[in-house]
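Both chains come to you apart, so use the hints to assemble them.
Going down the list, the sequences are from chains Y and S. So for the first sequence, numbering that gives the first Met the number 0 puts the first residue at 0; every next one is plus one. So for the second sequence, numbering that gives the first Met the number 0 puts the first residue at 0; every next one is plus one.
None of these hints come from the bench; they were simulated from the model. Model, not experiment: these values are computed from the prediction. Please note that the accuracy of each hint is not assured.
Facing chain S, from chain Y, some residues (calculated, C-beta under 7 Å) [said to hold, decoys possible]:
{"no.": "1", "residue": "Thr100"}
{"no.": "2", "residue": "Cys101"}
{"no.": "3", "residue": "His143"}
{"no.": "4", "residue": "Glu338"}
{"no.": "5", "residue": "Asp340"}
{"no.": "6", "residue": "Ala341"}
{"no.": "7", "residue": "Glu344"}
{"no.": "8", "residue": "Leu345"}
{"no.": "9", "residue": "Glu346"}
{"no.": "10", "residue": "Asp350"}
{"no.": "11", "residue": "His356"}
{"no.": "12", "residue": "Val360"}
{"no.": "13", "residue": "Gln362"}
{"no.": "14", "residue": "Thr366"}
One-sided excerpt, in silico: chain Y residues whose CB lies under 8 Å from chain S [as the list claims (entries may be wrong)]:
{"no.": "15", "residue": "Ile41"}
{"no.": "16", "residue": "Gly103"}
{"no.": "17", "residue": "Glu104"}
{"no.": "18", "residue": "Leu332"}
{"no.": "19", "residue": "Ala337"}
{"no.": "20", "residue": "Lys342"}
{"no.": "21", "residue": "Pro343"}
{"no.": "22", "residue": "Tyr348"}
{"no.": "23", "residue": "Lys353"}
{"no.": "24", "residue": "Cys354"}
{"no.": "25", "residue": "Ser355"}
{"no.": "26", "residue": "Gly357"}
{"no.": "27", "residue": "Gly361"}
{"no.": "28", "residue": "Glu416"}
Glycine included, every Cβ here is placed at the ideal spot set by N, Cα and C.
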Amino acid sequence: MKQSALSIDDLREAVMRLPDDSLTATREAALASLDEQGFPSIRDEDWKYTDLSSAIDVSNRWLAQGAKTESTDALRKSIKAITASIDAHWLIVANGIVDLTCFGEPADIEVEKFSDSATPFVMDRPLADLNAALLHDGLRVQVHGATEKPLGVLLIDETSGGAGVTQANVDIEVAPGCDAEIIEYQVSSGSEDHYANSVIALQIDQAAHVSYVRIQNRRAGHIQTARLSVALSADARLNMASYDLGGGLVRNDVDIDINEAGADATFNGLFLAGDGQHIDNHTRVEHRVGPASSSQEYRGILNGRCRCVWNGKAIVHKGADGTDANQANHNLLLSDHAEIDAKPELEIYADDVKCSHGTTVGQLDETALFYLRSRGINKRQATQILTHAFAADLVARAPVATAKDAITALVEKRLGELIKEEDL
Amino acid sequence: MSSENIESIVNRRYEHGFVTDIESEGLPPGLNEGVVRAISALKKEPEFMLEWRLQAYRQWLEMREPEWAHLHYPPVKFNEISYYSAPKSDEDRPKSLDEVDPKLLETYDKLGIPLHERARLAGVAVDAVFDSVSVATTFKEKLSDVGVIFCSFSEAVLEHPELVKKYLGSVVPRRDNFYAALNSAVFSDGSFVYIPKGVRCPMELSTYFRINAANTGQFERTLIIADVDSHVSYLEGCTAPMRDENQLHAAVVELVALDGAEIKYSTVQNWYPGDENGVGGIYNFVTKRGDCRGDNSKISWTQVETGSAITWKYPSCLLRGDNSVGEFYSVAVANNMQQADTGTKMIHIGANTSSTIVSKGISAGKAQNAYRGLVKVMPQAHGARNHTQCDSLLIGKECGAHTFPYMEIKNPSARIEHEATTSKISADQLFYCRQRGISEEDAVNMIVNGFCKEVFKELPMEFAVEAQALLNVSLEGAVG
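Bound-form chain S, shown alone (with noise of 0.2 Å):
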């Protein structure tokens, strides 16, 4: 490929790059007890969950950021970050769609996602989480014919507080981590949904996140809960404006199958990852975990990161259940000054659990990828069975792939299998594809969405198409 070419393309701004101009109601910038109050204030909440948040911001002052990472940043100034921003017009929310503030419908127009249209066509719930409050349910009434709950995480604990105290910080307690400490402290908003006894979910549902206003950390909180012989399958997937400053996110995630269940969480992110040179771009501390908490439960994450100028992220499964599965496919692309430390955790506990982990991990420019996974097979774990597999594909010379899994086997029973593989895109595979005729980038991008197909294959329908887009924008140009 010339080099005028790659010049060009590499060159290309974020598509995604705007600020959407609505006036935030926010807080000022700065972490206290007072501002926990004051959120827990603004959403009405009851004294249950301003408690609950208090004890877990006594919990963080006294943690310590992780270290251990693969990654290297500025250090994140806590103070300095304003923990709320809503919408103006929350005080009136839109009753449909057609009420939603315009501004709002256009932004999600410049991204591609025509939220009425994609809603009626695909059949597809968004709850849409701008900045930190939901401002569009849609389907809602659908829904709730069949008894699943899906609606915002501030509606949940004013309606169903019962549901949210039982399941709340039952898969990700407090004092987890840093950022989950933090999360529970400051969370503004998210998704929640139940999905009832023996109800298969009618439609996708899915969430879409923005994150807006300068200086705001975004704190999502989701909680996802399938009841006995249930099904529901979750997409998740974000853009963001592009920014100067780094921006902090630090979301929750937790998901509770029990007996029989099964929750497919799917996500696409496409977050600024911060320009050339690395300036500005979003820090995602992100903690998933999913607790197969019945026996023949399932829960599946599948990933495509592509944004975030850092991710630390690793949706994991804890197969409490007997022959619970749990499955893990990510693709994750780090590209320019991006790093990635993300992976996922197995923790097989009852009999017979199964577990499979497909991560490929793709870096060019300056970017670090790396992938941290843990398989731990418990005492009374019999009969575990684990696949991994792990590559990597590296393209220019100055990035970096990285693998550190670990395996902690305590039964003889247990089936352990873990495979990696390193290398660049071949010569031989990009002559034979330009003797065809082929150019050079479209060859480049046929061989990685050869390599990442196991994992784009787990996604819903629409989530693939998108994906397959993002990974050959985030890319382009990045071979020489």
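Chain Y with its partners taken away, still in its complex shape (with noise of 0.2 Å):
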């Protein structure tokens, strides 16, 4: 199948229609390496399981509608509802606008917007160009000390009025020593297509360690590309958790990179997937020095008409002795119409090194649900239970206290409507 291809000429005049600041010259070098590069398509080896072609067709028809982004009422009630239900110090970018009225003033940490410093960011890919072509602004943020309440980064989007698209770009750096929490919260709403693409990069300074949870909970059929890069000093550690609910065609990228020893990476995910959803998880850790360890465990439960994508790789770099990596893959198939996707690859070019991983693709267990529905409990509530203990490990896993009540509810109400009477 030829891919459609995005409207260079449309999104050149998109980009001029940006303000004039700091930041146009990165606009236009990035503009100009997407329009040499193209965007991926399923022949390239990292995209061969998921088709951008619904994303670059609402970005064609947000560009030929004149590339607007509104802000709205029903925005801002969103918003209200999201930050109260979570209590953090929350940078929010909305519909691609950056906006700061949720911070409060935090004496730890200090933020900045991209057009008010000269601090060039990292394109290297073809989303990334994408996202700094189009991009409003962006936040860096420096965290120097433990603050009372968790760092909430919110994207949030809402459509009305034809399809949109938005950038969202956040630079976070964690100095060495601090304990940091940080919530990444991606939501959209409303009646049109959408398309979102975020890129976050966070820098884990020197001993600091990084609490991070990743909520992904998009209106279905809403696209998302997401990219989290994490680079990690000496004795850094990370612990992350990630939990895909909502959406229609969802690509997280987590790129790790261990650069100096010590460092620790643990990260998790929980994707639930139900009809039309297509959600793709790629994990990358560059294990370059030793002794380092990294640990992943994703879970999928997969029912309706869906496709999801778990490729985990770790790369040990010559020299990276002392290496512990781990990956983790369990999936919970449902349905007849269900498919998963599984890749997990290890690159070894060191010899003092200890690498597993484990994938296991099933559905429930039939002696299981038989000893709940022989003790009178009916079918969906056997489903329900053991898809439940199924995810809730992996909630419990969520490493910021402040968020866990938000994520069992979301899991709980997404569980919910995945299992229904129908199916069973």
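Encoded structure:
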């Protein structure tokens, strides 16, 4: 199938219409790079299972309509509801526009807009180019000390009156020795098609510890490509959990760079997919030096007509002795129309390493179902109990205490929607 | 282990590196339609075969060399390869082993394969392929008593054209991939096996491959058909003389198992891997695929890969029949500058199909060893079951071990398990052996053999012994 192309001319016009500020040069460079490379297609190994044609289509329609982004009352209401449900210092990018009204004045967090600083940002792949080209503004955050509330990053979109496309770019640095809690929340609503593309970079300095929670609860049918890149310095630690609940076509890229010895990265994920969803989680850990460790566990529950992808890659570079890298991926397939494509990859160029991966795909245990049913629990409830148990482990591992209740509620709600009477 | 000791072992030359001095009757280097026609004419093939080759050649012209493998090598110059060579005694083929060119027998002797002895004592029929034409086939009568056809591919084309027509390319189509298309156009010879209904082949069938004349690509074509409720075990093994130039080998192996049939295909591959700097050595681009076409059929691949500079090989199973079974057991050793990208594909199509994958990769020296596998469960494949285990052992600081397993699951009743580990030989294990008076080298051999045990136990007896010895030789001195 031939992939439709992004209309670069319309894109160029949209870029020109953005305010002339210190980002202008970057936007133009990004546009040129995107023009040259084009969008990734399923012919690229990294995009084998995920076709971005629909994102291109939404983008083209949005561009043709004049690339408008507006803030509405509904959007402000949603922001209010979310910021009220989780107590945090919220940095908001609403429909692509930076909003600091819910941030408060934490003593140990410094925030600066990209347009106010001169530091260039990374554009190493087409989606990063698209992000840079269309970016209104980004946020650079520095965490200097432990704050009593977590740092929240809310990427929220609401569509009305035509397709929407938004970009968000946040750059966070956690200073040496600091403990920080971060919540990334991506959500959308509205009647029209939408495509959100985000880039978040996290630098964890020496001996700093970061607890990170990612929640993705976009509206059904909305498209998301989100990239999170984390760089760890000596003895730095990352403890992350991500939850994919909503959206149509969702692609998450988590890139972790272990640049100095003693670092440890633990990152887990749960994806719950139903009809019409395509959730693709790509993770990549680069062990550049050792000793260091990384560990990931992703779990998926799939019901209805959906497809999920999990691709975990660990690269142990030459000389990264003492590396300990583990990958695990477990999937529960509940429907005849669900598909999971799993690919745990290891590339190892050092010998003093311990690496392992494990992947399973299966359905609910018949004997466990029978046990519950023999005690008078109906099939739907029994299925819910068992799927819930499968998910609960990862919910329990949410590293940010403040967000746990919200996550539990969201996961339970989504599981309730997924396990419907008529399927059983 | 002392460093001189390592030096001496690392510098050990490839024992099977020699060239037998037999004049070759070959085609000049280069590839075009004329060459394809010439090969077909030399083999006195019927029209349908020539047509098949020509179509493959035309399709090959439109295809591109695959680049996705985790391999690095200079591009193959397809126009500098001679696509056909045959021992000169082709005209009057020997009727029995006594008539076989004594020089050839000497070659086998040097390789430690006493052909006639082995054939008689071990009850193995050998269809030895020397370069491109079969020169000795034994135990043919015993096999024909039970109706088993075991002959060279060229012979099969002439004598059993109906079987060849029906099954050739039915598992690996001409345009399946770049190298399969090339093979389809210029394949020289190979083995053909047909096991009739209900027959259990009375002996293990075996072919020894040799690459000889310089600059000659070897394009084997093997086709094995196991009819309803039959059983066959086939052994393939090879060694090759020392060369300074890279030799291309692009073989195709097709297996067809009908209802209730079972095919066991075992390989020990020990081609010249190149010297310590990676000079010379065989390029091995092989397409092997088995089709479990019938219900309750089974295809089992077992391979021990120790040779070749470059290995690109994925013996696969199409599990089409209900309750069919696919197995893949592999030990791949890469030492010095060797590169291997190997694995399997298990495609579950029928109901209640199951597959097992056990892959053991050993990397030493500066070698790169990759496992690449696909487990695919189609939507209609209810009750599919797969277990995959791929383990890598790293010996030395400069080698690499990689795994690229793909799992594409489209049926909820599938149970798929995949595990992989990578580690080095632990100092604890070595210490334990050493303190009991076992030399370091023996200890390493023991540990490596233990690591590969699951695969070796799948090999037929005589192969298992050979494989273990081969593994020890391949890895000797790699540990420091």
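Hints versus structure:
1. Thr100: Violated. Min distance 46 Å.
2. Cys101: violated, 42 Å
3. His143: With a minimum Cβ separation of about 40 Å from chain S (threshold 7 Å), the hint on Y/His143 is violated.
4. Glu338: holds, 5 Å
5. Asp340: Interface hint status for Y/Asp340: holds (5 Å vs cutoff 7 Å).
6. Ala341: Holds, because the Cβ-Cβ distance from Y/Ala341 to chain S comes to roughly 4 Å (cut-off 7 Å).
7. Glu344: holds, 5 Å
8. Leu345: Given a least distance of 5 Å, the restraint on Y/Leu345 holds.
9. Glu346: holds, 5 Å
10. Asp350: holds, 4 Å
11. His356: Since chain S brings a Cβ to about 5 Å from Y/His356, closer than 7 Å, the hint holds.
12. Val360: holds, 4 Å
13. Gln362: holds, 5 Å
14. Thr366: Violated. Min distance 14 Å.
15. Ile41: This hint is violated: Y/Ile41 lies away from chain S, its Cβ roughly 14 Å from the closest one there, beyond 8 Å.
16. Gly103: It is violated, given that the least Cβ distance between Y/Gly103 and chain S is near 46 Å, above 8 Å.
17. Glu104: violated, 49 Å
18. Leu332: With Cβ-Cβ at 4 Å, under 8 Å, it holds.
19. Ala337: Hint holds; Y/Ala337 Cβ to chain S Cβ min 6 Å, cut 8 Å.
20. Lys342: holds, 5 Å
21. Pro343: holds, 6 Å
22. Tyr348: holds, 4 Å
23. Lys353: Nearest chain S Cβ about 6 Å off; hint holds.
24. Cys354: holds, 4 Å
25. Ser355: This hint holds: Y/Ser355 lies near chain S, its Cβ roughly 5 Å from the closest one there, short of 8 Å.
26. Gly357: holds, 5 Å
27. Gly361: At about 5 Å, which falls below the 8 Å cut-off, the nearest Cβ of chain S leaves the hint on Y/Gly361 intact, so it holds.
28. Glu416: violated, 18 Å
Going through the hint list in order, the structure does not satisfy hints 1, 2, 3, 14, 15, 16, 17 and 28.
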